[in-house]
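Heads up: the sequence shown begins at 1 in my numbering, then just goes up one per residue.
These are computed hints drawn from the structure, not numbers from a lab.
There may be inaccurate statements among the hints.
Unchecked claim - List of simulated lysine-lysine pairs, PhoX-like, C-alpha gap at most 20 Å:
(1) Lys86 / Lys137
(2) Lys389 / Lys86
(3) Lys421 / Lys137
(4) Lys86 / Lys100
(5) Lys421 / Lys667
To be verified - DEER-style ranges, computed between Cβ atoms:
(6) His120 / Gly570: 55 to 65 Å
(7) Ala142 / Trp548: 31 to 41 Å
(8) Pro393 / Asp268: 50 to 60 Å
(9) Ala83 / Glu244: 34 to 44 Å
Note that this is a predicted model, so its numbers are computed, not measured.
The C-beta atom is built at its ideal place from N, Cα and C for all residues, glycine as well.
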Amino acid sequence: MSTKRSWHIVRRVVRLVSAVTLAAAAHAAQAQSAAATGSAPQAVAAVMQQIPPQIPPAQAQRIVQAQQAAQRGDPQPALDALAQFKGSLLEPWLAYWAIKPTLSRATQQDFDAFAAAYPHTYVLDRLRNDWLLELGKRQDWADFDRVYAGFLMRDDPQVQCYDLQSQYVTQHADVTAQVFALWMEQRYGGAGCNSAATALLQDGAMPRDMLWLRLRRFYADGRARQGRDLLAPFLPPGSWRILEQTDAEPVRFLLDTVRRGAAAAIADGQRRQYVVLALLSMARQDPAQAARLLQDDFSALPARDRAQLWGRIGLAAALNLQPDAVRWFSRMQQADATYSPAPVVREWQVRAALRAQDWEMVRSATRSLIDQGSGDAAWSYWHARALEKLGHPIEARALFAEIANPWDFYGQLATDALGMKISLPPSLPPAPAAAVAQQAARPGMQRALALFSIDLRNEAVREWNFSLRGLDNAQMQAAAELACQQQLWDRCINTSERVKGGVDIAQRYAMPYREAIARAARTEGVSEAFLYGLIRQESRFIANIKSWVGASGLMQLMPATARLVARKIGLTDYTHDQITDVGVNVQLGSAYLGGLLQQFGGSEALAAAGYNAGPGRPLRWRSMGLPQQPLLPGAVFAENIPIAETRDYVKRVLANATVYAAILSGKPQSLKARLGDIGVPDAMLASNQH
1 MSTKRSWHIV RRVVRLVSAV TLAAAAHAAQ AQSAAATGSA PQAVAAVMQQ IPPQIPPAQA
61 QRIVQAQQAA QRGDPQPALD ALAQFKGSLL EPWLAYWAIK PTLSRATQQD FDAFAAAYPH
121 TYVLDRLRND WLLELGKRQD WADFDRVYAG FLMRDDPQVQ CYDLQSQYVT QHADVTAQVF
181 ALWMEQRYGG AGCNSAATAL LQDGAMPRDM LWLRLRRFYA DGRARQGRDL LAPFLPPGSW
241 RILEQTDAEP VRFLLDTVRR GAAAAIADGQ RRQYVVLALL SMARQDPAQA ARLLQDDFSA
301 LPARDRAQLW GRIGLAAALN LQPDAVRWFS RMQQADATYS PAPVVREWQV RAALRAQDWE
361 MVRSATRSLI DQGSGDAAWS YWHARALEKL GHPIEARALF AEIANPWDFY GQLATDALGM
421 KISLPPSLPP APAAAVAQQA ARPGMQRALA LFSIDLRNEA VREWNFSLRG LDNAQMQAAA
481 ELACQQQLWD RCINTSERVK GGVDIAQRYA MPYREAIARA ARTEGVSEAF LYGLIRQESR
541 FIANIKSWVG ASGLMQLMPA TARLVARKIG LTDYTHDQIT DVGVNVQLGS AYLGGLLQQF
601 GGSEALAAAG YNAGPGRPLR WRSMGLPQQP LLPGAVFAEN IPIAETRDYV KRVLANATVY
661 AAILSGKPQS LKARLGDIGV PDAMLASNQH
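Build the full structure now, drawing on both the sequences and the hints.
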């Protein structure tokens, strides 16, 4: 696209958005007023009849095409559609799709025109985020500061880093510590944080020690090339070549260092840094060899360096479920008792210690995580369990009592630990119809519903969540009820989870498609509660949802899996377009889940892990116990699943299933009993015989 044509498009956007009409806003205001002041059933019904907004198919197609074109960087379809959609609910989105691809050529005047046309909308704050990133890239701090003052979301760390850079450049503020903290949190660095850090490094405002620490983080995260490309310019000449060797050939580099004299390399501050980087690379690739090199050849490294390296060696071993992980974690503390590793290292120290049943290590590592401010109930639970095992039952019960609840994994386990069954408290009363109508009348909610109606889910979810800002608990419950009534089950559940001070069980644990799910559970011999718990986690009951990897429907089936299961169960007339049909999807998914349960001896924990990560991985994971302790409690197994997504998935599915079992049976439940023990088949058989 030529520069002249690009500027022409930008100017057309500005002219169109500057001429915005107020018809839609007035219509929404009238509806909201009616809902607020007319508590009579007729007023409420009048509002609800307008939901969801009806968009004719031809118009819906134009809107979707505009969105798709904007994602490709083409603003023209959105620009062409703007005139047709003047005053409509989705005009702000069309204007956004028209201007977003042109931001690299836009001016502050263009942004200001958009802001004047669409005040108090989600798309304006979305564009603020985009525009702030562009202004930061341009180093235009005057306009950046003015736009940032009105920024509401402020949840983008790259924008936060640009803001700190602006403070440094324009106010000479000391922001080094804040920039470094944000920079270290970002695995990839990111444009804004890399820019702010580079500015500080160029001026000498960031100490060289921080540069080396950030380079170590790049190496520990497997991003060595990115780190050396970014930071080598701030190191002495020739550093890039040495850094490349520490990443690509760490063993050769370390052995060459030993031959030339490890002591001399350690005594030289810069060469010592290269040694540590090479050992970090080795720790990821081969923790056992890294441990040998550190112990035999580089034991003279400073205590803090050795502590970091032992921690990373232990982490790599723990992720691979190796039994030596606990021993190497112990050396981390032996090297430097005051060393505080990255949270991920400490978390895997806990997990490795749980597998080894080293309760003293569990106690000390969880205490460290709690003291560092981790609010994850996992560490409070395992700390209490360690106290219990180490002979402190009173302190353990007090901590179990703090976190016990019927809704989440560790709250349920804590309830079990107190010797109680998991029972559900009374539900909140339903949200009043008038309160639901008030939420339905809000422009942001109407835009979200309109976007949902044409299946622009990503935009709809963002619009919906933005509209939840500032709602009190009663309003939040009403918004959740609106979503439930519109069968937007993911928004129904997620919004209800934000309500504090009670639970609307019918919302938070919705049970749509009851007939199809109950029938599939009976047919395949799968617990209905387990099936509901898995679907709630997989799709939040959105029937037509499709993941980025191609999984579809309520049970998120991959096409190949669906075809295989269809043949296996004799569904001869199955075609791919049926994959989002509720009955067919649940029939196929429950058959697949039933097969996993059979394969794993009825273990719901292993079956859930296999459903998420494929059946091959749990076959390896179930033998994570040590030779002298081949069986592990199901909770220890779940905590040690090496893939973060699957670890979280298994916990949530089993916690969901426990709640659904309480709802369906009307009886108290036990998550501990549902989890059972996990181990290799021979160990499981021996355990059952005893």
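| message | Check the structure against each numbered hint from earlier and tell me which ones fail, lowest number first. | response | Failing hints, ascending: 1, 2, 3 and 9.
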